[in-house]
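Student: Throw the hints in and build the complete structure from the sequences for me.
Numbering (my numbering), first residue to last: 1478 to 1818.
In short, the hints are calculated from the structure, not lab data.
A couple of the hints might just be wrong.
[What the hints assert, rightly or not] Taking lysine-lysine and the DSBU-like style, the derived pairs with C-alpha atoms no more than 30 Å apart in a straight line are:
#1 K1694 - K1755
#2 K1631 - K1611
#3 K1775 - K1696
#4 K1818 - K1720
#5 K1755 - K1696
Values in this document were obtained by computation on a predicted structure and should not be read as measured data.
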Amino acid sequence: MIEIKEAVITNITVHRIGIQSDTSFLNDKEIMMNFEEDEEAIKRTFLKPFASSFATYEFRHDEDIELNPIFKISKEINEEADFVLKTKEIHQYLKDVSIHPNIKDGDLFVINFDNIKLENEHYKALGIYKVENKETFIETVAEDDGRVKLNFKKGVGRKLDKAILVLFTEEPYTVFVIDNGSVETDYWMNDFANVALRNDYVNNTTHFLEMTENFIKHKLPEEFDVERTDQIDLLNRSVDYFKTNDSFVQNEFEVEVLQDSNLIDTFHSYDEGYTHDKSINFDEGFEISNKAVKKQAKNFRSVLKLDKNFSIYMHGDKSLVERGVDENGKKYYKFFFDDEK
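Tutor: Next comes the structure, spelled out in structure tokens:
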């Protein structure tokens, strides 16, 4: 995740982009901010949404990264090319790739930042934002006669529609992406930015935990005769491995967590299909991201739900739980414990 407390804005401009109608408007000058409050409002609107982002991307191209237009323009801006001129090139390229009939008009903000912190290093960055949906705000105005008037205005809200933040780390740079559009208009990530997930420890941690969760919850009961308590036990052991280790080693994880050889073989097959479908790759060993573990651990819910009467949270030894059926056919669980709190 990035830290934005020390970030400053060095350049900003905005253009109007008309996709379905001829309503484009290009600014010939940068926007000047006269007050510190203005800069803080811009940072709060355009940087804060990235502060909770974990997934990192990088620019890609099938032949040559220099042929990726947004990478090339971003690089030129970082090398201090004419800022406004380059933002007009971004505007034109965005229009060129916006061919789907459902793509909306909007405002294109382009902002240069400095002093954005990532993993204890400070970087320059470029933010590119397309605002498609505006929110209604209420402004109160004191009139001369003592009454208070309400003005209703539309403006940029806290939820960004589409945005990329390019941190100028080593090429092909580190990119964060926000895309709240529909599947039909996924042009923002694939056609406009043309980015792919970075093979780093944060993404590796996140995606391996996601894959493991899906395997235990969905694939495991298809292939094996398992009880819900077995699934919960595996979920607990999986996330505990990531919480108690600084680095991940796949063979070690399989022996400690999965244990059974047949289960390990099934997991290998699932791993191959999952990574192929998601177009991701895991290193067999990587540093574990504690922040990614904390975020993903919320999905490893160890809850045993019995009809609509009970929800039992299980975090301990599965051997202290016994399942059975009484003479009337009613299912039951026995829980063995020493202390009640």
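Student: For every hint, state whether the structure bears it out.
Tutor: Status of the hints after comparison with the structure:
1. K1694 - K1755: holds, 18 Å
2. K1631 - K1611: holds, 6 Å
3. K1775 - K1696: Holds, at roughly 20 Å.
4. K1818 - K1720: Within the cut-off at roughly 26 Å; holds.
5. K1755 - K1696: With Cα atoms ~16 Å apart, K1755 and K1696 stay inside 30 Å; holds.
Taken one by one, the earlier hints all hold for this structure without exception.
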